[in-house]
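All chains, full assembly: derive it from the sequences and hints.
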Amino acid sequence: AAGVIQSPRHLIKEKRETATLKCYPIPRHDTVYWYQQGPGQDPQFLISFYEKMQSDKGSIPDRFSAQQFSDYHSELNMSSLELGDSALYFCASSHGLATYSYNEQFFGPGTRLTVL
Amino acid sequence: DAKTTQPPSMDCAEGRAANLPCNHSTISGNEYVYWYRQIHSQGPQYIIHGLKNNETNEMASLIITEDRKSSTLILPHATLRDTAVYYCIVRPRSQGGSEKLVFGKGTKLTVNP
Numbered sequence: 002a003a004g005v006i007q008s009p010r011h012l013i014k015e016k017r018e019t020a021t022l023k024c025y026p027i028p029r030h031d032t033v034y035w036y037q038q039g040p041g042q043d044p045q046f047l048i049s050f051y052e053k054m055q056s057d058k059g060s061i062p063d064r065f066s067a068q069q070f071s072d073y074h075s076e077l078n079m080s081s082l083e084l085g086d087s088a089l090y091f092c093a094s095s096h097g098l099a100t101y102s103y104n105e106q107f108f109g110p111g112t113r114l115t116v117l
Numbered sequence: 627d628a629k630t631t632q633p634p635s636m637d638c639a640e641g642r643a644a645n646l647p648c649n650h651s652t653i654s655g656n657e658y659v660y661w662y663r664q665i666h667s668q669g670p671q672y673i674i675h676g677l678k679n680n681e682t683n684e685m686a687s688l689i690i691t692e693d694r695k696s697s698t699l700i701l702p703h704a705t706l707r708d709t710a711v712y713y714c715i716v717r718p719r720s721q722g723g724s725e726k727l728v729f730g731k732g733t734k735l736t737v738n739p
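Line by line, the protein sequences give chains C and E.
Note that the first sequence covers residues 2 to 117 in this note's numbering.
Note that the second sequence covers residues 627 to 739 in this note's numbering.
Quick caveat, the hints were computed from the structure, so don't treat them as lab data.
Keep in mind that this is a model prediction, so the values were computed, not measured.
Pairs of lysine-lysine residues, derived as DSSO-like cross-links and limited to a Cα-Cα distance of at most 27 Å, are as follows:
no.	chain 1	residue 1	chain 2	residue 2
1	E	695	E	629
2	C	58	E	731
3	E	678	E	695
4	E	678	E	629
5	C	58	E	629
6	E	678	E	734
A short list of chain C residues far from chain E (calculated; beta carbon distances all over 10 Å):
no.	residue
7	18
8	23
9	25
10	80
Backbone N, C-alpha and C fix where the C-beta goes; we use that ideal spot for every residue, glycine too.
In structure tokens, the structure reads:
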């Protein structure tokens, strides 16, 4: 079965550079979530999109922005990178409608961002 | 903030049942109990969820107390591949993309040979 695809899987950037992470949800999923997991920490919700509109926002820095496109893929743009942005970034997708049987989120393999 | 409390770590012998407890004493009537697990640095994986009845699927069973203030995830025959951090999460089941997961500390389950 198709899963959530994230690219790139690994990314190394210098401080103050920019990075773009991409997420391709499972086909027919219309909701995308972004999570950040720092070293030794638990995943923290950043932002979500439902039908191409931002639906919820968590502890996402102002330096970060994201959007969902017409084909439902999503991109997380990160600017003025800091050392503390080094983390695993997970994307998850789901059906937005609670009437679907499980409504659970399916996670991608993550993008490991290292800021030097 | 996470609304659940879990023991930080547990051990289990391979082939035995693993029983992972979760306390969610402030759960409200419209909130479900979800369980996810994360195998080392992989994306979290959905296991099971329930509202008030016990649930079972091919991966695990979920036992929710009658007052819904606590639950237990049961892996009936743990294998080495079940070694992971297990997260118990409560959240309302709504629609429109607002079902973010709030991860607490989770329980690090180690299955020993």
